[in-house]
Amino acid sequence: MSARDSILTKIRQVNVAGSDDTARKQAVAARLSDSPRGIVPARGQLPDSERRALFEAMAQKFAATISSVADYSDIPRAVSGYLREHNLPADIRIGDDERLAKAGWDKERTLEIRHGASDGGDMTAVSHALAGIAETGTVALASGTDNPTTLNFLPEHHIVVLKASDIDGDLESIWDRLREKFGKGQMPRALNLVTGPSRSGDIEQKILLGAHGPRALHLIIVDE
Amino acid sequence: MQLTSDRFKQQAQKALVDAQLQRALLNVEKGFIGKRQMAADALPEFEALRDNARDIKNHTLAHLDLYLEAYEKKVTEAGGIVHWAENAEDARRIVLDICRKAGTKTVNKGKSMITEEIDLNDYLAANGITPVETDLGEYIIQLRGEHPSHIIAPAVHLNKEQVEGDFRRVHTHLAEARDLSEPAALLSEAREVLRKQYFEAKVGITGANFLIAETGSSVIVTNEGNGDLTQTLADVHVVVASIEKMVPTLEDTAQILRLLARSATGQDMSCYTTYSTGPRREGDPDGPKEYHVVLLDNGRSSMLGTEYQEMLRCIRCGACMNHCPVYQSVGGHAYGSVYPGPMGAVLTPSLNGIEKTGQLPNASTFCGRCEAVCPMRIPLPKMMRHWREREFEKHLTPATARYGLKLWAFFAKRPKLYRLAVSFGIPALSALGGTKHRFRALPFAGGWTRHRDLPAPEGRTFQQQWQQREALKQNVDQKRAA
Amino acid sequence: MNQSNTPTSGVSVDSERRPRVALFVTCLVDLFRPSVGFAAVKLIEDAGCEVHVPAAQTCCGQPAYNSGDKADTREIAEQVIEAFEGFDFIVAPSGSCGAMLKKHYPELFAGDPAWEGRANAFSEKCHELVSFLTDVMMVRDTGAALSAEVTYHDSCSGLRELGIKEQPRKLLGAVDGLTLREMKDPDVCCGFGGTFCVKYPDISNSIVTKKTGNIDASKADMLLAGDLGCLMNMAGKLKRAGSSVEFRRVAEVLAGMTDTPPIAGSGK
Ligand code: SF4
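Protein chains in written order, with the numbering used here: chain Z, 1 to 224; chain L, 225 to 706; chain X, 707 to 974.
Please keep in mind that the hints were generated in silico from the structure rather than gathered at the bench. Careful: at least some of the hints might be erroneous.
As the list claims (entries may be wrong) - The calculated lysine-lysine pairs, modelled on PhoX-like cross-linking and capped at a C-alpha distance of 20 Å, are:
# : chain 1 : residue 1 : chain 2 : residue 2
1 : X       : K871      : X       : K809
2 : L       : K630      : Z       : K206
3 : L       : K630      : X       : K776
4 : L       : K325      : L       : K426
5 : L       : K254      : X       : K890
Modelling step: build the complete structure from the supplied sequences, incorporating the hints.
This is how it looks when you write it as structure tokens:
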């Protein structure tokens with residue numbers, strides 16, 4: 001008997017009572033298709049402006065920094081400003097996200113822009129988030145050519161652009177968005193839920209920022 | 225690692241006099257307890273979420289075979305490969321095969337307790353493949369040739385001076401005069417050293433916090449980002465996960481995630497929660513080209529349907545050990561097993577048999593703090609008691625304890641005889657206590673009086689005095705009636 | 707003594723007569739500290755009940771239960787249920803014995819047709835002393851007075867298995883002249899753990915050392931708790947260290963019976 005069969009047989013010996021297993025099969029099918037939500041904290045269930053305020057407060061609690069711009073065309077200036085403020089070289093890594101591409105980067109003449117996956121040599125990367133989650137101050141990033149996953153982890157500074165209207169109250173809303181975009185039961189290759197810059201508490205349980213991932217996470221919220 | 229749980233007592237004794245360790249253990253309270261409480265208090269739904277999380281896992285376990293099949297189907301659809309392993313040996317062999325096919329000399333590892341359980345590092349090393357731990361804590365203990373002393377804080381038994389010593393010993397390519405006195409400098413150095421390594425290994429191995437039947441995804445939860453670099457930069461991502469990591473849907477992960485970080489580190493959410501589904505897709509600029517899952521049983525299916533089944537709800541948050549007075553006193557290595565603390569005291573006998581591990585479920589005061597904080601509402605003390613019952617049934621309880629207990633029970637079951645015995649013994653013992661009302665030493669009470677005095681009995685027993693009082697009352701009543 | 711007239715409990719008690727309470731003395735109180743038993747009798751009588759002390763009691767069986775000896779535990783438990791089930795309430799001056807009777811007896815007999823029902827009915831009537839006074843008899847003030855600064859240790863079983871936390875603090879708050887000085891971590895184990903403290907004396911010592919450090923730091927001159935085992939452990943440790951802190955079961959103070967020497971004596 002294969003390992004697979006042997007493991008499944010052992011489990012069935014305990015789980016299956018009698019010869020008719022329909023009820024269990026139906027229960028599983030129902031759960032997989034209905035995806036019951038369970039308990040969604042009241043914390044994030046807020047009107048738009050308060051939800052955004054909660055998102056910002058929570059993100060800052062986890063040491064993310066935040067700025068906001070009126071529309072996408074203001075992003076290049078905001079990014080350049082961030083680089084200058086942190087004495088960073090004027091180059092960034094960016095994916096193919098259309099919203100970012102249309103922002104008009106040529107306005108920032110000195111800014112060098114690299115595309116594609118990060119090779120580990122980038123100080124700063126700019127990504128576009130799928131959505132924000134107010135209850136924990138988290139941004140959700142989906143992998144792909146638009147926003148390569150390596151951009152989320154290799155650079156020292158990670159700048160994430162997020163549309164104000166994409167700030168959801170809770171984690172469950174992300175599943176709704178994903179199902180709308182990819183279909184039920186389908187996922188991007190990687191979904192990264194990112195809450196603040198990387199950190200470690202492994203030495204004497206003191207929390208230090210900047211472990212293996214970015215040392216800084218900056219969020220730019222687009223109001224449009 | 226070699227199981228040495230049968231030497232728990234000696235190992236504990238050593239730990240108690242290890243000043244370095246005792247100093248480090250103070251960080252457990254500072255680092256975890258207050259933070260967890262604050263995070264739990266700040267979420268009004270916390271207790272209700274615990275109930276729901278328990279129910280989710282109970283439901284999953286009752287349908288585990290079906291969810292595993294559904295999960296396998298989804299992984300395969302996404303282009304991943306599922307390998308089934310009944311035991312540690314199978315799992316190790318499968319991982320080695322994958323590494324050999326990938327032609328790698330070295331593998332990166334994200335933090336994973338399951339690969340500790342199957343002794344993967346030693347096995348790979350013995351077969352010419354160098355495993356490199358990338359989580360800071362794991363990296364440190366790998367340099368030291370140790371095993372994790374905690375399931376989420378592997379190096380909690382160390383102080384920064386020890387880490388500095390290890391870095392100076394191993395990172396000889398760096399300037400000797402560098403300042404490593406602060407944890408931040410140590411972290412930076414580890415970051416720099418490991419950065420290169422991420423690009424060198426063709427295979428990255430991680431564990432999983434969840435496997436999702438609905439989507440075929442595996443989930444890892446980390447703070448450092450090392451797990452993500454490990455799995456994203458490698459050509460081949462291998463997930464090693466035991467079968468009870470299964471949950472039905474994305475929604476179910478959201479429920480349990482709300483408990484996991486709060487219970488573990490007191491964070492509302494860990495820094496990085498990553499859902500991985502299959503290998504790199506058409507046009508993807510990054511991500512692994514192969515995605516493998518090693519689904520490991522290693523004793524889990526034998527726990528189903530037993531009084532230890534509830535242990536399979538464990539999400540490895542570490543709260544039970546953080547809050548355990550015994551763990552806080554002796555640290556994780558004393559347990560002599562992969563999993564320390566209360567969860568280990570239940571799980572280790574389940575995985576390794578009670579014969580060599582009987583001390584673990586005995587080394588508990590049953591204070592119940594572990595159960596009180598366990599996000600998955602696992603009745604840990606109850607299950608430790610069940611192990612004591614198995615031990616007692618198998619006559620593994622030490623003979624002196626067994627006979628002492630039997631003698632005591634003989635009297636406890638015979639109230640009249642018991643009364644008679646104690647009505648002589650207790651007043652005599654009381655008299656011996658003298659005006660101090662306590663003993664510094666007493667034959668047969670060495671375990672007690674080694675560290676503390678034994679309070680002396682007051683005098684005659686309560687029952688003796690009560691019966692006298694009742695008799696007097698009756699006399700008075702009778703006289704009145706007459 | 708202030709109290710409402712009707713006991714509020716699932717157990718129906720004929721309102722014409724006083725509730726009949728059986729005192730489960732507990733083995734440690736019986737042997738080591740009878741004055742706790744008499745304090746319990748006084749408190750229960752003052753609350754308007756009639757106290758009985760069944761003679762056929764030794765121990766609740768916890769040492770056997772926690773040592774994995776289920777057979778002996780069951781025999782002892784059956785004996786206790788038989789001797790006590792005829793009363794309106796069963797009250798024990800101990801959180802850990804109280805939890806054994808109330809929580810673990812039903813577990814012990816779960817699925818046993820002959821005993822399950824009896825064990826559950828018995829469990830319904832069981833209470834730890836202080837919670838019986840406050841939650842069932844609605845006592846708010848026991849009328850005691852004591853000029854002292856005390857600190858209170860929450861014994862584990864009472865706290866976590868029976869939910870006893872506010873009850874003793876409320877009653878102590880009503881004691882004339884008494885000040886409660888909370889120590890750090892009053893809810894953390896003292897390291898007693900029944901047979902644990904003799905099986906693993908060094909670990910137990912490490913745990914109790916942290917506890918007595920917190921007691922000392924509270925600057926209280928008396929430590930109160932709801933379990934004699936924990937009290938003997940903490941008292942034995944601090945007395946060995948030459949401390950002058952006094953140790954008493956909370957019932958002694960609530961009953962105004964503090965003229966007996968404290969546990970392990972008062973001297974250094
Ligand atoms: S037993 Fe509970 S508290 Fe302990 S690690 Fe598992 S889930 Fe966390």
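Taking the hints in turn, this is what the structure says about them:
The suggested pairing of K871 of chain X with K809 of chain X holds, with an alpha-carbon distance near 17 Å, which does not exceed 20 Å. Restraint check for K630 of chain L and K206 of chain Z: the C-alpha separation of about 50 Å exceeds 20 Å, so the hint is violated. As the CA atoms of K630 of chain L and K776 of chain X are separated by approximately 12 Å, the hinted pair is consistent with the 20 Å bound. With a C-alpha separation of about 10 Å, the suggested pairing of K325 of chain L with K426 of chain L holds against the 20 Å cut-off.
Under the criterion of a C-alpha separation no larger than 20 Å, the hint pairing K254 of chain L with K890 of chain X is consistent with the structure, at around 13 Å.
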